[in-house]
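Engineer: Chain residues, written in single-letter form:
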Amino acid sequence: MTTPTLVGYDEVLEHFDPVLGLEVHVELSTNTKMFCGCPTEFGAEPNTQVCPTCLGLPGSLPVVNRSAVESAIRIGLALNCSIAPWCRFARKNYFYPDMPKNFQTSQYDEPIAVNGYLDVELDDGSTVRVEIERAHMEEDTGKSLHVGGAAGRIHGAEYSLLDYNRAGVPLIEIVTKMIPGTRERAPEVARAYVTALRDLLRALGVSDVRMDQGSMRCDVNLSLSPRDSGVLGTRTETKNVNSLRSVERAVRYEMTRQAGVLLAGEAVVQETRHFVEEASGTTRPGRRKETAEDYRYFPEPDLMPIAPPVEWVKELRGTLPELPWERRRRISAEWSLTDEELRDLVNAGALDLIEATVAAGAPAGEARSWWVAYLTQQANSRGVTLDALPVTPEQVARVIALVASGELNNKLARQVVDGVLAGEGSPDEVVTGRGLAIVSDDGALVAAVDEALAAQPDIAEKIRSGKVAAAGAIVGAVMKATSGKADAKRVRELVLQRCAPVRG
Amino acid sequence: MSADPVTSGITRDEVAHLARLARLAVTDAELDVFATQLDVILGAVARVGEVAADDIPPTSHAVPLRNVFRPDERHPGLDQEQALAGAPAAEDGRFRVPRILGEE
Amino acid sequence: MSELIRLTAAELAEKIHSREVSAVEVAQAHLDRIAAVDGTVHAFLHVASEAALVSAALVDDGLAAGVAPASPLAGVPLALKDVFTTIDMPTTAGSKILSGWRPPYDATLTTRLRAAGVTILGKTNMDEFAMGSSTEYSAYGPTRNPWATARIPGGSGGGSAAALAAFEAPLAVGTDTGGSVRQPAAMTGTVGVKPTYGGVSRYGLIACASSLDQGGPCARTVGDAALLHEVIAGYDPLDSTSIDEPVPAVVAAARLGASGDLSGVRVGVIRELGGEGYQAGVRSSFDAAVVQLQKLGAEIVEVSCPHFEYGLAAYYLILPSEVSSNLARFDAMRYGLRVGTGASAEEVMAATREAGFGPEVKRRIILGTYALSSGYYDAYYGQAQKVRTLIARDFAAAFTHADVLVSPTAPTTAFPIGDKVDDPLAMYLNDLATIPTNLAGTAALSVPSGLADDGLPVGLQVMAPALGEAVMYRVAAAYEAARDAEDGGPLIHRVPEVPA
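Protein chains in written order, with this note's numbering: chain A, 3 to 506; chain B, 1192 to 1295; chain C, 4 to 503.
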């Protein structure tokens, strides 16, 4: 393979506008396959999760999985699509050994969901609205192992081994409209879109969305348009993009590669390319086809049309969880956060925990403060994530409540939390167990204050003469004397009281 | 107004191309016979173009059913032995097939 | 013993269930008959003697223990078209590409037959993948018409029909995509029914054209066909095109019909299928049948179905299109024939399909690939599906004026083997009266309407609206009873003895 001339990124953008398109295939986490009752578990022994239907045996017939349709509709709704009042399945005909029927049952010109959008937030806080062309249902293929070639690749293989466990697993294909106008941010936008989509699908609970396991797959389409011309260039499709980082790199690479081709006066070949993970991430051409594939689509005669009743769609809309950006918007407003503060929370993975703490009765500010400061410190020193800490949001709320009621001060509160983390029990149990309750008995406190004042008469004199700042030293002494189990605020009040000039 | 009538017949080259698409390694002799026969047949079936049907909806299903679903529940399938029973070749629990030229 | 094979299924059932005769005896009698004549007739591709006797014995055991028979047909033998999967018998669909294939699962229809205690004698011959009208396209050699062994028995289900006519079985099951049950019935002087589309499960039926295929009962009498209809029909959740409605009460309807009174029934004669241009003997047989129906009290009306003349064209676009897709799975990778070693998967696929498929199948695959191609879809497949809508509307309109419609089942009597096998278009013309029903998804049957002047059987086609089988069976039964009375007994008993 000749090394293509790569053009510097800035130079690319001087001459061209990138136009992006993304196709994402999502494997649904339904119990059973799209058209039969076989399990969909990952990692089973080969050809043990098959039946006449997903093996495409002569005489077999498909029956649609209701749950898969529900997921498809929910995905469509979450992407702000219109749900088709009537749609059908279609056969996509081509020969390939990983497809038992040598056609894929899919949807062609009648997808279940169309014309939606996803607002994608970029790192700098700006938002890009990515328009969704369609989302449709189809079935996955089997898996092939190529034997005898280089690194299991198909090129040079002697033979192949087929496992049909995955054949028939429900897939939803989500296709964006062309995304123009991203300029130098195209790679970033691509990555942000796939990330946002992944988070959305995870929130819906419809898929594991593990790019590393193949339950979410991304194909990147890219073309270059001459700068400010609005004329579309020839598009390539890059497959085998297995991570978010690869999405970004694939876009970047194709931009520079295509620019190199065009600036050399040649034409970009319309083709399917494979993303190659090694080194800086490149794409290589797939097999050149003689003619574009004609899939000879026609409506699937073995399956009946789907016409989701309005009440059903309404019901499914009601099952949508608060979508990630809706939630962030709400939290931002409720907790009066800046965008930056919110982003920090999201990045720290603290949002759920804080929300749960608030739900358990703590004020938002306190909850946030605990999780983002002290508990994050604890998590880091233990080398675990926040949600792996052995303390629950309810327990944190309890500690906050104890401080609010004056039974603990902040220092004691931290000791209580330490106790919980050490497995000594609930906050209340730790308070009792370690004897951490604040001394709230004024009598005892006054005695301690007087003792401290007597021990430091010069400081006492300063306070009496009006230098209130000096009270700090007395407070410190009292705290030490009570092993920290005093309410510092109250102690300070008492110190000032005891030093107040006696009015005659 | 009827659909544009397709007047041209089918050539031997077209038949050869279609056979390739359909993974049929037809012989030259077959091509000759098929091309003639298919040309005649196509002439006969092209009659459908005579029918004025612009605003007629096509039928894809003879039975007026909608929303035929099954619950997302397990149904017993085949075990590995049954699945591979008819296989021309198998290895390690998988179907063994000759080397595939096409891309994945 | 030889008398047993002359009995109807209903008569056999009565004798078996009353224990006058054993199911094993009955099975054996038929197996003996098959052994004696099938060398000539070649109705069977596979005879399952052992399994049949085991199955029959089980029925006898049950009856002996005082258990009620599993169905009205328990212990009665049956021949099954080799297009339905059977776990204990090969299933070839009449093709080399599935030579010896043992399916790992039973068709729903097979399961129902077994559950009903029916004795499956074996699998019958057919045109390859149900494509044909003469059974000459079988990869395993043609079946001969017992009425004249140099002639075809019809197709694609010639084996099932011939088995009945040769008294090798009292019951058979076929599939009808464009007439493949009805036309052989007409050619062999037997009864063949195409139920409403969706009435009989297609799970386990090796697909030809998915939107047209339908399994149906075959027998020598209308009453027997009705009994079998009620065993095999009914909703199947494994088939998305299956109708979730009660099976029409066809047995009762047949019994009602046998009383011979059709007053109040409107019978429509379709102008476009009136027999013009058909063989003279077929035409006159039909005309006489219409007169007969009138004598039985039916009101005869004339109806017009103007789009029926395009039925053949629409059918021979839709069927090949679906076939080209349905038969793509036969690629030598997972089951069936594999030809070619050391070559690539693509080459093995092409070589295997070349060797494994016969000429008619290849023609239709190529035609279908063409009709679905981008650029041609609208003019061919798309347009054909519109014509289909118009044909369905023609039927609907006709059924507002008539309860059933009638026509000759086929334009000719059985032609000699070899006559049309190289002339596809001539072969297709066999189906012009039967095809409209498949396109519309409605119901129809063929009942014997006597012999033509060439001494060969003719069939009367009776058509009903979707799920309207009851009136169809009633009319057929009435007509059959009148014919039998006139002929001094069922014509089928006049079939010549099969030469050795």
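These aren't lab readings, by the way, just hints derived from the structure by calculation. It is possible that some hints are incorrect.
Taking lysine to aspartate or glutamate pairs in the EDC-like style, the calculated list, with each CA pair at most 20 Å apart, reads [as the list claims (entries may be wrong)]: (1) C/Lys-365 x C/Glu-349; (2) A/Lys-94 x C/Glu-349; (3) A/Lys-179 x A/Glu-190; (4) C/Lys-365 x B/Glu-1205; (5) A/Lys-145 x B/Glu-1282; (6) A/Lys-145 x C/Asp-381; (7) A/Lys-94 x C/Asp-381; (8) A/Lys-413 x A/Glu-368; (9) A/Lys-94 x A/Glu-47; (10) A/Lys-145 x B/Asp-1283; (11) A/Lys-94 x A/Glu-175; (12) A/Lys-145 x B/Asp-1270; (13) A/Lys-491 x A/Asp-444; (14) A/Lys-491 x A/Glu-431; (15) A/Lys-241 x A/Glu-25; (16) C/Lys-99 x C/Glu-357; (17) C/Lys-365 x B/Asp-1204; (18) A/Lys-413 x A/Glu-495; (19) A/Lys-241 x A/Asp-420; (20) A/Lys-145 x A/Glu-47; (21) A/Lys-487 x A/Asp-444; (22) A/Lys-469 x A/Asp-452; (23) A/Lys-145 x A/Asp-100; (24) A/Lys-487 x A/Asp-420; (25) C/Lys-365 x B/Asp-1230; (26) A/Lys-145 x A/Glu-175; (27) C/Lys-365 x B/Asp-1223; (28) C/Lys-99 x B/Glu-1221; (29) A/Lys-145 x B/Glu-1272; (30) C/Lys-365 x B/Asp-1219; (31) A/Lys-179 x A/Glu-25; (32) A/Lys-491 x A/Asp-443; (33) C/Lys-365 x B/Glu-1221; (34) A/Lys-179 x A/Asp-100; (35) A/Lys-241 x A/Asp-230; (36) A/Lys-241 x A/Glu-268.
Engineer: Each of the hints needs a verdict: does it hold here or not?
Structural biologist: Going down the list of hints, with the structure as the test:
Distance check on the hinted pair: C/Lys-365 and C/Glu-349 sit about 17 Å apart at the alpha-carbon level, within 20 Å; holds. With a C-alpha separation of about 18 Å, the suggested pair A/Lys-94 and C/Glu-349 falls inside the 20 Å cut-off, and the hint holds. Under the criterion of a C-alpha separation no larger than 20 Å, the hint pairing A/Lys-179 with A/Glu-190 is consistent with the structure, at around 17 Å. Restraint check for C/Lys-365 and B/Glu-1205: satisfied, since their Cα atoms lie roughly 14 Å apart, inside the 20 Å limit.
A C-alpha spacing of about 14 Å is found between A/Lys-145 and B/Glu-1282, which places the hinted pair at or below 20 Å, so the restraint holds. Our distance criterion of 20 Å between C-alpha atoms is broken by A/Lys-145 and C/Asp-381, whose separation comes to about 35 Å. As the CA atoms of A/Lys-94 and C/Asp-381 are separated by approximately 17 Å, the hinted pair is consistent with the 20 Å bound. Using a Cα cut-off of 20 Å, the hinted pair A/Lys-413 and A/Glu-368 holds, with the two alpha carbons roughly 14 Å apart.
Among the hinted pairs, A/Lys-94 with A/Glu-47 is inconsistent with the structure: their alpha-carbon atoms are about 29 Å apart, more than 20 Å. Under the criterion of a C-alpha separation no larger than 20 Å, the hint pairing A/Lys-145 with B/Asp-1283 is consistent with the structure, at around 14 Å. Of the pairs offered as hints, the one joining A/Lys-94 and A/Glu-175 holds, with about 14 Å between alpha carbons and a cut-off of 20 Å not exceeded. A C-alpha spacing of about 18 Å is found between A/Lys-145 and B/Asp-1270, which places the hinted pair at or below 20 Å, so the restraint holds.
Taking the CA atoms of A/Lys-491 and A/Asp-444, the gap is near 12 Å; set against the 20 Å cutoff, the hint holds. At most 20 Å may separate the alpha-carbon atoms for a hinted pair to count; A/Lys-491 and A/Glu-431 exceed this at roughly 25 Å. Distance restraint check for A/Lys-241 and A/Glu-25: the Cα-Cα separation of roughly 10 Å lies within the 20 Å cut-off, and the hinted pair is therefore satisfied. With a C-alpha separation of about 11 Å, the suggested pair C/Lys-99 and C/Glu-357 falls inside the 20 Å cut-off, and the hint holds.
A hinted pair counts as satisfied when its Cα atoms are at most 20 Å apart, and C/Lys-365 with B/Asp-1204 qualifies at roughly 16 Å. In summary, the hint linking A/Lys-413 to A/Glu-495 is supported, as the alpha carbons are separated by about 18 Å, within the 20 Å threshold. Restraint check: the Cα-Cα separation between A/Lys-241 and A/Asp-420 comes to about 50 Å, which exceeds 20 Å; the hinted pair is violated. The hinted pair formed by A/Lys-145 and A/Glu-47 meets the criterion: a straight-line CA distance of about 12 Å does not exceed 20 Å.
Under the criterion of a C-alpha separation no larger than 20 Å, the hint pairing A/Lys-487 with A/Asp-444 is consistent with the structure, at around 13 Å. Proposed proximity of A/Lys-469 and A/Asp-452 is supported: the alpha carbons are some 18 Å apart, at most 20 Å. For the suggested pair A/Lys-145 and A/Asp-100, the alpha carbons sit about 6 Å apart, so the restraint of at most 20 Å is met. Between the alpha carbons of A/Lys-487 and A/Asp-420 the distance comes to roughly 16 Å, so the proposed pair stays at or under 20 Å and holds.
As the CA atoms of C/Lys-365 and B/Asp-1230 are separated by approximately 14 Å, the hinted pair is consistent with the 20 Å bound. Taking the CA atoms of A/Lys-145 and A/Glu-175, the gap is about 18 Å. The hint holds against a cut of 20 Å. A threshold of 20 Å between alpha carbons decides the hint, and for C/Lys-365 with B/Asp-1223 the separation of about 13 Å falls inside it, so the pair holds. Restraint check: the Cα-Cα separation between C/Lys-99 and B/Glu-1221 comes to about 18 Å, which is no more than 20 Å; the hinted pair holds.
This hinted pair checks out: A/Lys-145 and B/Glu-1272 have alpha carbons roughly 18 Å apart, not beyond 20 Å. Annotation: proposed proximity of C/Lys-365 to B/Asp-1219 holds, straight-line Cα distance about 14 Å (limit 20 Å). Under the criterion of a C-alpha separation no larger than 20 Å, the hint pairing A/Lys-179 with A/Glu-25 is consistent with the structure, at around 9 Å. Distance check on the hinted pair: A/Lys-491 and A/Asp-443 sit about 14 Å apart at the alpha-carbon level, within 20 Å; holds.
About 10 Å separates the Cα atoms of C/Lys-365 and B/Glu-1221, which keeps this hinted pair within 20 Å; it holds. With a CA separation close to 29 Å, the supplied pair A/Lys-179 and A/Asp-100 exceeds the 20 Å bound. Among the hinted pairs, A/Lys-241 with A/Asp-230 is inconsistent with the structure: their alpha-carbon atoms are about 28 Å apart, more than 20 Å. Between A/Lys-241 and A/Glu-268, the direct Cα distance comes to roughly 23 Å. Violation of the 20 Å bound is thereby established for this hinted pair.
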